[in-house]
Structure formats: structure tokens, C-alpha cells
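Heads up: the sequence shown begins at 2 in the working numbering, then just goes up one per residue.
Derived by calculation from the structure, the hints in this document are not laboratory data. Don't take each hint at face value.
What the hints assert, rightly or not - Below, a list of computed lysine-lysine pairs in the DSS-like style, where the Cα atoms sit at most 27 Å apart: (1) Lys95 / Lys84; (2) Lys84 / Lys133; (3) Lys62 / Lys129; (4) Lys134 / Lys84; (5) Lys134 / Lys18; (6) Lys129 / Lys84; (7) Lys97 / Lys62; (8) Lys97 / Lys84; (9) Lys84 / Lys62; (10) Lys62 / Lys95.
Claimed, not checked - Label-pair distances were calculated between CB atoms; the ranges are: (11) Tyr28 / Glu75: 15 to 25 Å; (12) Asn114 / Asn83: 24 to 34 Å; (13) Ala22 / Lys95: 30 to 40 Å; (14) Arg135 / Glu102: 41 to 51 Å; (15) Lys134 / Arg27: 21 to 31 Å.
Each residue gets a CB set at the ideal place from its N, CA and C atoms; glycine is no exception.
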Amino acid sequence: MNNVGQRERATQNRVIKLFQAELGYRYLGDWHTRENNRNVEPELLTAWLVGRGVDAALIPKVLRQLDRAASLGEGRLLYDANKEVYRLLRYGVKEKVGAGEQNQTVWLIDWANPQVNDFAIAEEVTVKGEHKKRPDLVLYVNGIALGVIHVQDL
2 MNNVGQRERA TQNRVIKLFQ AELGYRYLGD WHTRENNRNV EPELLTAWLV GRGVDAALIP
62 KVLRQLDRAA SLGEGRLLYD ANKEVYRLLR YGVKEKVGAG EQNQTVWLID WANPQVNDFA
122 IAEEVTVKGE HKKRPDLVLY VNGIALGVIH VQDL
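Let the sequences and hints guide you as you build the complete structure.
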């Protein structure tokens, strides 16, 4: 490894420590070899929703709706996907447990009590798709990737 790589690695380590120590983020690890990384990590979001008392029958429906909103392709623009995901994050996901039931709002983020959300950080998250991407750091809230940080030597 050359000096530039070492400086970037040291900076990345400092950023991770800052997010953990100062902001209370949980460290998920180095995910460069982890399979099936996604912008929505279903296991993390499911665990958070279960902890919030969401009906187990609603969770797969909520995950499908969020995945559908975040997906690109078939002429769908990034702007449209971002707008739809924002709507779900901000106003919740409306779903029914079963036929004939009333819609319930499932909140993906607790805006009223931010401290109860699950804040996490992972590094080198390889995401495969049309183009393989690997941001240096990914910030998750309740298993939903909401930010990326690219560490670069200037």
C-alpha cells in the first residue's frame, strides 16, 4: 500500500471512530466481500420494525413497497425513485395486514424520537448492479442507506 492509501485508510478509520464515539453509530464492519449488499438492508430494517412492534404480517409488504420505490430501470429516473423513497421515509408506508383491513402507517424512521432509530456505519460496501460500486463509508438509519462518504486524498 502506498502513502496515499495509508492516509486515506487512516482518515477513514478516524471518520468511523467519530461516528461511533460522537454520534452513537453502530459499526457494521467492512463489507467489501459481503454478498448481496443493498441500499435497503432487509435484516436490519426488519429487526428495527419488530422492535417497534410492527405486525409481522406487514413487514414483508413494507419491504416490498420500499424496494419498489427505490428501484431503477425500465425508464425510471433516479429523481423519481428518490422522490418516492423520500415520501415513504417522511410520511410512512401505508399498508393493510389483510383484505378488508384498514391501512396502517408503518414508520421507517421515528422522526419524533430520533434517539430510538438504529444508526449504523459500514465500510467498503460493494454493491453490484449494472455497474459495481464500492463507497468508502455508508451511513444507515434503520437499515436504509441514507448517506455515503468518499474519503479522498487531496
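To see whether the hints hold, each was checked on the structure:
| no. | hint | result |
| --- | --- | --- |
| 1 | Lys95 / Lys84 | holds (16 Å) |
| 2 | Lys84 / Lys133 | holds (24 Å) |
| 3 | Lys62 / Lys129 | holds (24 Å) |
| 4 | Lys134 / Lys84 | holds (22 Å) |
| 5 | Lys134 / Lys18 | holds (23 Å) |
| 6 | Lys129 / Lys84 | holds (23 Å) |
| 7 | Lys97 / Lys62 | holds (9 Å) |
| 8 | Lys97 / Lys84 | holds (23 Å) |
| 9 | Lys84 / Lys62 | holds (20 Å) |
| 10 | Lys62 / Lys95 | holds (10 Å) |
| 11 | Tyr28 / Glu75: 15 to 25 Å | violated (36 Å) |
| 12 | Asn114 / Asn83: 24 to 34 Å | holds (25 Å) |
| 13 | Ala22 / Lys95: 30 to 40 Å | holds (38 Å) |
| 14 | Arg135 / Glu102: 41 to 51 Å | holds (42 Å) |
| 15 | Lys134 / Arg27: 21 to 31 Å | holds (23 Å) |
In this structure, only the earlier hint numbered 11 is contradicted, and the remaining ones agree with it.
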